[in-house]
Amino acid sequence: MADGSTMVVGSGDAMSPAPRKVGSLKQLSRRRSTAALLLCLPLILLIVGLKIYPTFYAIFLSMLDRKMNNFVGLDNFAFLLTRPSFHLVIFQSCLFAITAVILKAFLGFILAHLMHNIRGKNQRVWRGLLLVPWVIPLSLSTLTWWWLFDPSYSALNWTLEYFGLDAIPFLGTRWNARISVIMVNVWFGAPFFMIMYLAALKSVSEQLYEAAAIDGANAWQKLIYITLPMMRNIILITVLYSLIVTFADFDIVRILTNGGPQDSTHLFATYAFTVGIQSGNIPRGASVSLFMFPILATLAFFVLRDVLKRNKEVAS
Amino acid sequence: MSSVVSSTGATAGGAQPRKKYGSLEQQHRTTMRYSYAALSFFVVVFLIPPFYMIMTSLKSSAEISAQQGNPWIVRSPTLENYAHLLSDASFQRYFLNSTWVTALVVIISMTIAILAAFSLSRMGFKGSQVISTGVFLTYLVPPSLLFIPLFQIVGTLGLINNTWVLVLLFPTLAVPFCTWIMIGYFSSIPKELDEAALIDGANYPQILIKIFIPVAFPGIIAATIFAFTVAWGAFLYPLAYLYSADQATLTVGIVRELIRGDVFAWGMIMAACAIAAAPPIIIYTFLMDYYVAGLTSGATKG
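From first to last, the protein sequence lines are chains A and B.
Quick note: the first sequence uses our numbering, first residue 1, plus one each step.
Quick note: the second sequence uses our numbering, first residue 1, plus one each step.
If you are wondering where the hints come from, they were derived from the structure by calculation, not from laboratory data.
Accuracy of the hints is not assured; some may be wrong.
Part of the chain B face toward chain A, derived, beta carbon under 10 angstroms [unchecked claim]:
1. Met55
2. Ile131
3. Tyr290
Covered stretches of chain B, as calculated for chain A (at least 3 residues, CB under 8 angstroms) [what the hints assert, rightly or not]:
4. 37 to 47
5. 58 to 72
6. 91 to 100
7. 151 to 162
8. 216 to 228
9. 235 to 248
10. 275 to 284
Straight-line distance between alpha carbons at most 30 angstroms, and here's what the computed DSS-like set of lysine-lysine pairs gives [what the hints assert, rightly or not]:
11. A:Lys121 <-> A:Lys222
12. B:Lys210 <-> B:Lys126
13. B:Lys126 <-> A:Lys121
14. B:Lys126 <-> A:Lys309
Just so you know, even glycine gets a beta-carbon here, dropped at the ideal spot from N, CA and C.
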């Protein structure tokens, strides 16, 4: 920042036309870009030191043996692929991410439409109420869900029994537990979809709907031919982004089931934690996390492509 | 909607403008009524856990274990759980740890993000485009991908079981998105504004402090809330790197330390959750609009 002032004095000079100044202008722009680089330096250091380096370090770690003395190549990955419990992890991660994201997107879409029908001050209040699940730190609300699911004290089961239905062991059996963790994720994530879609809905011009109404379109046709095409981009980006976050989710499963019953609800993140941190097998834990990498990279590629395309469209 | 269309068709010939207006209005009102009904249903469902959290936190352990009658309501409300927590030294410790970690993380993240965003959106240098894209990409790297190599790195630095590790690591979660938000807000400031300031003899620090920060203030609020949310609610890093109670933050302190063995003091756990959830809820109550605007700025443009 120290050369900031000199820079500006220089640029004041550069404004006056003089052929002699070309050299100093170049110098000026060089100094300016040095200053710009300096301002970015903390960001670059942070990202290189704590994001890029750890990524490569993870690859290195994953190729060591348990005591981290010997290089074992891809043995960790090969071993994991032979384990039935790891097959369950792969299956559950995909099931969890895909089901939860579809439900969140669908629910968010409905909520956004309902919200869009309400105008003015009321909308703000209702939106605020629906955003509460998303505002409470996830680990704490998951704890509350656990208490709601508690086998002997469950308030949900009390309600079911009150209406003459059978109690459900929410976390007791494999499929119940799988569905429960998905439900908690949907509860937490749907409000995010709602606000993204609501913003997109607001940006669709009223005139399009009026024109369609004059042409005799019904509500369904308006949805299919106006709303969805206009929201296509934002739906795509939100879904892709949410797939990444949901796929890499940790808090819900860790607190609610910690992978049980019988490893049926482990996701990559929670399994990596169990193997890597709790059992102390760092290389194998690193390999478990790295299994996420190709999937996340593919999704990130599509998000990035879409975002850059949109930026270009906005700029032009 | 089809009735609108048919009534439009009917009135095209005849002269009944008032009736047509009325039916449109009525239809609008019906839509509103259905929307409110449906939204009420969703609000009730979505607010079950927070409601139950508050209710349980007001119950005594005796009332919880007695299991008599409706669990959704509290019979003899008591604040003893809250009183006990607020006077509990280790809970105070968690709260204090969370507070100073969050404050430092917000300050550090926002400083890094604002400087970088100013540089990337205005000054530009060779490769600044690559860095902008890279920043967005790192935003998509979830913490659960890197926590194991970071465990080793943090161990080498001697920061295992030291709350400062969070001050080092949380900015990696907050900075990319904060920078991304700030680049968006800074880019929307017309170039003429800083050119005029340059001609008037302002230097870059002055332009940043006197023009960019005030003009992009909504963006700064949005990014600050994001950094706060990330630092306050993070669970994986403190769980993985801090193992003793005196170093713990609220999230991990509550989840790990308050649940001891089989003695589930749920009234107290829920009271702790309510206290820990209060700061974000208060902040969002007042500043939600800024945050939503910052978050959805990408959704509304283009």
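Evaluated hints:
no. : hint                  : result
1   : Met55                 : holds, 9 angstroms
2   : Ile131                : holds, 6 angstroms
3   : Tyr290                : violated, 13 angstroms
4   : 37 to 47              : holds (count 6)
5   : 58 to 72              : holds (count 5)
6   : 91 to 100             : violated (count 0)
7   : 151 to 162            : holds (count 3)
8   : 216 to 228            : violated (count 0)
9   : 235 to 248            : holds (count 4)
10  : 275 to 284            : holds (count 5)
11  : A:Lys121 <-> A:Lys222 : holds, 26 angstroms
12  : B:Lys210 <-> B:Lys126 : holds, 27 angstroms
13  : B:Lys126 <-> A:Lys121 : violated, 47 angstroms
14  : B:Lys126 <-> A:Lys309 : holds, 21 angstroms
Checked against the numbered hints above, the structure breaks hints 3, 6, 8 and 13 and satisfies the rest.
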